[in-house]
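Peer 1: Fit chain U to the known structure of chain Z by using the hints.
Spelled out, the chains give:
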Amino acid sequence: MSAGGNIPYHLRQNKAIERNLFIDLLSRVGRYFNISDFQYIGFGGPFLEDFKHLHSSLRISNMISLEMNGNVFSRQQFNKPSSCITLRKESSADFLNSYDFDAADNLIVWFDYVTTDIGEQLSELQQLVEKLSHGDIFKVTVNASPTYLGHADAGREILALRAETARTRLGDYAPAHITPDDVNTRNYPTLLLKALINAAKHGLAGDSSLTLEPLACFAYTDGQQMLTFCGVLLNADERNLFFEKTRLRSWPFYSDCTNEPKSISVPVLSLKERVHVESMLPGASADEIIAELAYYVGNDLKTAQAEMSNFISFYRMFPWYSRVVI
Amino acid sequence: MANQVQAEEGPVKAYPAKRFFVEMLTRDIELKDSLLDLLDNCIDGVMREKKEQLNEAQPYTGYEARITFNKERFTITDNCGGIPKGVALERAFRLGRPDKETDPDIPTVGVYGIGMKRAIFKMGRQAEISSSTEECSYKVDISPNWIDDDKNWTLPLTETERRTESTGVSITVTSLYSGVSRLFSDATAFETDLIKSISAYYGNIILKGFNVYVNEQRVPPIGSAFILSEEAFNTGTGIAPYVYTGEVNGVSIELAVGFYRNLPTDEEQEASLSGRPSTEQAGWTIICNDRVVLYADKSKVTGWGEAGVPQYHTQFVSIAGVVNFKSNDAALLPVTTTKRGIDGNSELYLSVKEFMREGMKLFTSYTNKWKVPSADRPELATPAITSTTKSIAAMVPKDKWSQDRKSTIKGNKFKPILPTPEKQDDYRFIRFSRPISDIRAIGEHFFDDPNYAPGDIGGVCFDEVLKRIKG
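Those protein sequence lines, which keep their order, are chains Z and U. Using numbering that gives the first Met the number 0, read the first sequence as starting at 0 and increasing by one per residue. Using numbering that gives the first Met the number 0, read the second sequence as starting at 0 and increasing by one per residue.
It cannot be assumed that every hint is accurate.
[To be verified] Here are the simulated DSSO-like cross-link-like pairs (lysine-lysine), alpha carbons at most 30 Å apart as the crow flies:
id, chain 1, residue 1, chain 2, residue 2
1, U, Lys299, U, Lys414
2, U, Lys405, U, Lys325
3, U, Lys397, U, Lys325
4, U, Lys466, U, Lys325
5, U, Lys412, U, Lys297
6, Z, Lys261, U, Lys195
7, Z, Lys130, U, Lys70
8, U, Lys84, U, Lys195
9, Z, Lys261, U, Lys70
10, U, Lys405, Z, Lys130
11, U, Lys70, U, Lys31
12, Z, Lys51, Z, Lys79
13, U, Lys17, U, Lys50
14, Z, Lys130, U, Lys299
15, Z, Lys244, U, Lys325
16, U, Lys469, U, Lys360
17, U, Lys50, U, Lys84
18, U, Lys469, U, Lys399
Treat the hints as calculated values from the structure; they're not laboratory data. Everything numeric in this text was worked out from a predicted model, so none of it was measured.
Extracted from the complex, chain U is given alone in its bound form:
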């Protein structure tokens, strides 16, 4: 009897349920991020097309993606080469990439083959994906029925007339979920937030010639910028970023950290305490194969608040750093599947992090040393120069590099010698509180401006009294 039952039941079911992809995977990612995934596919398309020229300064020129949305539909259209029919039939629409063999020689961002599908499932229940390549044009439809049917794991592909000159992919999603529809209706200013995200995360790629339009508005790039004086590179002293470059196991690394703006004023420090809006350029930006995966991070992930580096504070608002990882095998890069985070356990990342911390500490302690305003504090008021890690590394004279012997990377580093105060007098802070009306009266008396910064008003009172005592 027992034997009979065993024979009837057969093997257990271990194949995936569609709900897993449609309802669960989509929870791991924010809408904004899944839209960036769609842009990643455009970029990977360009990389395939321009394989040979990827090291040029502007490899993405002429390529673009146009995103439009409203409360009923979402569309993204690119001119980045399209998905070859063979790839579509075999793997582009599978939920997850079956092998590692796709594009072995191109530094793509896509690895797991889930981005496009996850983005579609995140937005709605109906989609049409059409693609034009030199070879042919076709479309693939995803319907609500297909999404609900756990047995059906194939999608119909229909050949179509080629409509445009250019080759590329167009994805339209309808039957939007109500939350997504609300965001797309712009009731909560989603459009501006998305444009800003694309500016930050795609800044590097846009600067290399790619164009992104959101509802017909061209997205402006945000790139990295540093304050540097040529002198600092030549003499070794002055304001210049800390630079590190190296290559290990097929991944190249370029790192730069320094000041990108002037030190914060008292008002700014106060403002951040009362929760006023801020721009968030300070912190670390991590780039993997041109794609920003972490933007302006100020947490432990990038070394703040660990191993002797202080926690992020408005005092450090002038410090920004960039790390650029590049590899033809995207799986070697220290990035998570959502491509919006760092794999904190990656050995490669942990060794690079040591240099991130070393560089960062130079600048945090600089802001400590110059906390006290003094006449000989070097002015950081010079505008920062927009530049890539590569161009900064190229500016460092050959004889100023030093070899890193300790770490596994064995790279080269440039450690600037930042100016220190000549005489380290003992200073103390004085804090006190007085009625506003009195502060305003003194402000008017000394500066002809009742709204002058209270800190400066207090300072001048002190100096005046001191002058009187000393005669």
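Okay, chain Z solo, but in the shape it has when bound:
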């Protein structure tokens, strides 16, 4: 958490889209559970952005923020936007040990990790799921850049060595088979997704009434490639009713998380570009937009096409950033 303490979260557009998708998802789950009575637990960062958002759009009014960096914690005390947020100066690991989960309401927990210590994060996920109960929703965001597996100077052996390191780091939660193909930038999020689901499922071994229902998973890159996974704990016999009421299966961003996570990165457009592109929407396809602009936005055409398609899906959902002088 400490390393992320000073990242200007509010300026990361893909993260903003992802946050909006989360709110969208929760409001749909709200058709089944009374989501505004849930308690939210998350890493607020210096601005407690997510907390503001959840409070205003879903009326969630019982929230806990976890922060272990003393300086960021002081900033949070200054910035605290609402009286219904309890600030705890604590790491997620300590929180898992100290918090009385049995006395809590239904929970929405989002561990939005910024460090790259995937092993610790997986074991925290298992512990978290062990403590959650029926109806609780959890979400984890982890760094999914395979460069952190190291071996940068290994030449052509790099992927084989990374696969070896991934096997060690993911440990008991690793899928049975990790090939060098699984640890390239494109496929690494899929590998981590399997490990996350594995860890969460291990957390259910002691409670036979609950099953894990994956709801969404996304990969996005604001500088670093990140993976985010969200699920809910249900009783096995209520699955059909849950999906019937929430109509989540017809939500375009729903995923049962058995395939690769959906990429939600959008192109970085100038103000002028964005106005122009939005004037063609809804209606235009990614190819039409690129043809109309007569250039592409991104490193190469293929990525640019994919990102423009994402823009078409998400343009209503992410904010406009501009300079304000007060």
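Peer 2: Then chain U, alone, in the frame of chain Z:
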């Protein structure tokens, strides 16, 4: 009067109750392990088929077992020869093997004749076992009624049309118990755990050509691997495993222990303390007739923490050893009925354990000597070579073996001379704690990386100051 009563009561009942097999025996074994028992039967089938070629490098090629399961049913199908009808009628379905005479000349894993039945009873209350041999095809049904009926000790066998080219056995279990059904529904990631177990326990057999599929995924093998330099074998000094081979009372023994990976970093040692997940290759793996019975064991059973060997600790995470026992009479092998453990009182095992400890100590003390990182610490960064105990023993030059005179086994051993630090300077550890922000600042200053390992950051501070003092 008293005499009359005696005459009426007759002998006491001493025959077994079915509950004993259905409810009690099944408690001694985990589901995963009882599924491995089913695979053992497949392997024993191959051994019968390939009796003459078992010493070849790949005796199991072409044979496979396919396991599929979901929350309603479990099926395992193999092409390993099937159960001859005569054997089925007389003993395959009896609860326990009546004699020792089955397969006297094959190194099977099965001994007690309980694995298949125990696995079925562990999973559910209804089963169909069908078998095709060259001679005929048939099926045997186990029903919930039969399980509940304490009087009925026979099962109906029905001849069937042969459905496939290959000969083999197929077992389907339904009416699964709720706990088992939950595991098979994969609510707790059982599938991955099972595949990993099969990788470990069947690694050796898969490497010899057998194929196992779990829900259509091929199971990858995990074999043993050691870091070794050819030089070490020739000159006697360098990194190489300790090797011991011998034969006693019809059991052959091959043992190798050494490093399979680089020594652990500070972070790894820390990580293991905070309970992070780990891979567990370190420790002893014991193989009986190709079948791994103990995998990566780090307990007293394999000599850790007794007779001068330290208890297992992350410092020793690079040390792994394998012992390979082989015998045509499976009852001579030091293995428990669940085949997932060692009979710790077996005389044979106790004598082998002495060599396990001797070998292990070489490597634990090596990690002690090189605890202090120094420029002349030999790099263990070379990749380990996947190999069997047999191939390692074959690599040791003839004149480097020494004869073991003391033990009952009278085998041969190769004891590598591991490099020792040239000058044993007095070293001390320095431990101290400083604010993270300061550590990060120094990390950035010296390494251009605020996240550099704190231990190394501390080290460079020390060296810099020392340089200044010494001029």
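Peer 1: Run every hint past the structure and note whether it holds.
Peer 2: Verification of the supplied hints:
Pair hint Lys299(U) plus Lys414(U) holds up; C-alpha atoms about 23 Å apart against a cutoff of 30 Å. Distance check on the hinted pair: Lys405(U) and Lys325(U) sit about 22 Å apart at the alpha-carbon level, within 30 Å; holds. Only pairs whose Cα atoms come within 30 Å are accepted, and Lys397(U) paired with Lys325(U) is accepted, the gap being roughly 23 Å. Pair hint Lys466(U) plus Lys325(U) does not hold up; C-alpha atoms about 60 Å apart against a cutoff of 30 Å.
This hinted pair checks out: Lys412(U) and Lys297(U) have alpha carbons roughly 23 Å apart, not beyond 30 Å. For the suggested pair Lys261(Z) and Lys195(U), the alpha carbons sit about 28 Å apart, so the restraint of at most 30 Å is met. Pair hint Lys130(Z) plus Lys70(U) holds up; C-alpha atoms about 25 Å apart against a cutoff of 30 Å. Among the hinted pairs, Lys84(U) with Lys195(U) is inconsistent with the structure: their alpha-carbon atoms are about 34 Å apart, more than 30 Å.
Our distance criterion of 30 Å between C-alpha atoms is met by Lys261(Z) and Lys70(U), whose separation comes to about 29 Å. A threshold of 30 Å between alpha carbons decides the hint, and for Lys405(U) with Lys130(Z) the separation of about 56 Å lies outside it, so the pair is violated. Of the pairs offered as hints, the one joining Lys70(U) and Lys31(U) holds, with about 15 Å between alpha carbons and a cut-off of 30 Å not exceeded. Under the criterion of a C-alpha separation no larger than 30 Å, the hint pairing Lys51(Z) with Lys79(Z) is consistent with the structure, at around 9 Å.
Distance restraint check for Lys17(U) and Lys50(U): the Cα-Cα separation of roughly 35 Å exceeds the 30 Å cut-off, and the hinted pair is therefore not satisfied. Simply put, Lys130(Z) and Lys299(U) have alpha-carbon atoms about 34 Å apart, too far for the 30 Å limit, and the pair is violated. Simply put, Lys244(Z) and Lys325(U) have alpha-carbon atoms about 61 Å apart, too far for the 30 Å limit, and the pair is violated. Distance check on the hinted pair: Lys469(U) and Lys360(U) sit about 40 Å apart at the alpha-carbon level, beyond 30 Å; violated.
Restraint check: the Cα-Cα separation between Lys50(U) and Lys84(U) comes to about 20 Å, which is no more than 30 Å; the hinted pair holds. Straight-line distance between C-alpha atoms of Lys469(U) and Lys399(U) comes to about 48 Å, which puts the hinted pair past the 30 Å bound.
The structure shown violates the earlier hints numbered 4, 8, 10, 13, 14, 15, 16, 18.
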